[in-house]
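2 protein chains.
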Amino acid sequence: MARRKEHTHAEIHGMAIIAVIHLLQTVNLENLSLRKVATEIGYAPSTLINIFGGYQQLLLAVSEQVLTDLYQQLVADYGEGAAMQPLNAQGIIEKMAHDYYQFANENRACFKLVFELSAPQGQALSLSHQQAIDRLFNLIANQLTQLFDDASNADIGLMSRVLWGGIHGLTCLAIDGKLFTEQAVLPTMLSSHVNGYLLGMAQQKGQTCC
Amino acid sequence: MARRKEHTHAEIHGMAIIAVIHLLQTVNLENLSLRKVATEIGYAPSTLINIFGGYQQLLLAVSEQVLTDLYQQLVADYGEGAAMQPLNAQGIIEKMAHDYYQFANENRACFKLVFELSAPQGQALSLSHQQAIDRLFNLIANQLTQLFDDASNADIGLMSRVLWGGIHGLTCLAIDGKLFTEQAVLPTMLSSHVNGYLLGMAQQKGQTCC
DNA sequence: AACTTATTATGAACATTGTTTTTTATTTTG
DNA sequence: CAAAATAAAAAACAATGTTCATAATAAGTT
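Going down the list, the protein sequences come from chains A and B. By this note's numbering, the letter at position 100 of the first sequence is numbered 100, and the numbering carries on one by one without gaps. By this note's numbering, the letter at position 185 of the second sequence is numbered 185, and the numbering carries on one by one without gaps.
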């Protein structure tokens, strides 16, 4: 029985992604299944395979959506190029670190999905997926250009990745309980990472010294 | 047909762990299965379940073994409390960071297994698993006590986690190709992280300033 | 308007998974 | 040597992702 065009493919596409994000709030990734997603939206498993190409590619689509949501949340307070808050660039980076962790903590299963899912088989991530991650790096890079206005693009890229890598690592270890410390001190660690590294870089570049 | 006691349970336990580590060099985690491990060592799947309690617990046992291997590799060069190399404490931490990434890069599937596998259901990691991770943190903490000899234990704990969190985050993103940079610059990033943060901390504590 | 042709979602089938239960072969015990 | 215990395996089961043939609907044609 195939009643046709009750929803367009694009609609089913969106419905499935929403369903996964919804299900991942009560079910962890390993207990999720294509069939559960299908029944959640009232379609057959094979329909989802027709549209997405496979279960893994459905999850990759979800991953992109989550990355977009994360980006939106990070820029929610201080629009990308908008008027600056009382916060300086360093304070903005620090706040983004805290927001990053907060998002991961409130959407653990989705967050783990994003960073545990690799591209299908040796092949690279999709372009839009790359761009979604790149946007995140650029959020920090933009602030760094204000802090180190004479640094080369290569230096900015390196520093932004070091900063984000640290934020990401601490967040990953924290939400899996592998830091062996009370959750409350994680913001302190994130701040120590951001401020400590920026202080060191500033001194190294001779911009702010004593 | 049950020929009994050809191997003791402890032997099968070890054989299975070795088999998983071996298989993970040519097969990624999602293509591994309990049945493949069983046939690799010439036993039935149910036998492994009897011994480990389940597939996930077999993988957790592997995770512990990999953590131990990683620790051994990190201390291979400079024994924990042994005579110091020409390297100072900061250089040792930097070298450990590079070794950490090298290990992860040479054992990608095993490394991902360790940090993507969570304890069965809301319950904490096993004690030995915790200790295996703690040993890693302490490797850095020990060096930090030489750099900041008047810092409190809490400060040392915090700094060691910030350092290791950053090393771990950069490593994770790098082996999944999510840093969007040539692999060759990752050591530079790790060094920038370690040296930048330590420089910032030193300045903040007023120990080494200008 | 009736008939033909394309779609489109589906349901059944398949191979594989982790796990449970039942059987079978071996060892230990009385 | 017989009987009880036990260790490993085979068989059975439910659930998974995926493929394929099918039925139901839409679109096209005369």
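Any given hint could turn out to be false.
Same chains, same label: a pair holds when it works inside one copy or across any pair of copies.
Each computed SDA-like pair below joins lysine to any residue, with the alpha-carbon atoms no more than 25 Å apart [to be verified]:
1. K205 <-> E106
2. K112 <-> S33
3. K178 <-> D155
4. K112 <-> D176
5. K205 <-> E64
6. K178 <-> A141
Source of the hints: derived by calculation from the structure; they are not laboratory data.
Consistency of the hints with the structure:
no.	hint	verdict
1	K205 <-> E106	neither (37 Å within a copy, 34 Å between copies)
2	K112 <-> S33	both (16 Å within a copy, 21 Å between copies)
3	K178 <-> D155	between (31 Å within a copy, 18 Å between copies)
4	K112 <-> D176	both (10 Å within a copy, 14 Å between copies)
5	K205 <-> E64	neither (36 Å within a copy, 42 Å between copies)
6	K178 <-> A141	between (29 Å within a copy, 16 Å between copies)
The earlier numbered hints that this structure contradicts are 1 and 5.
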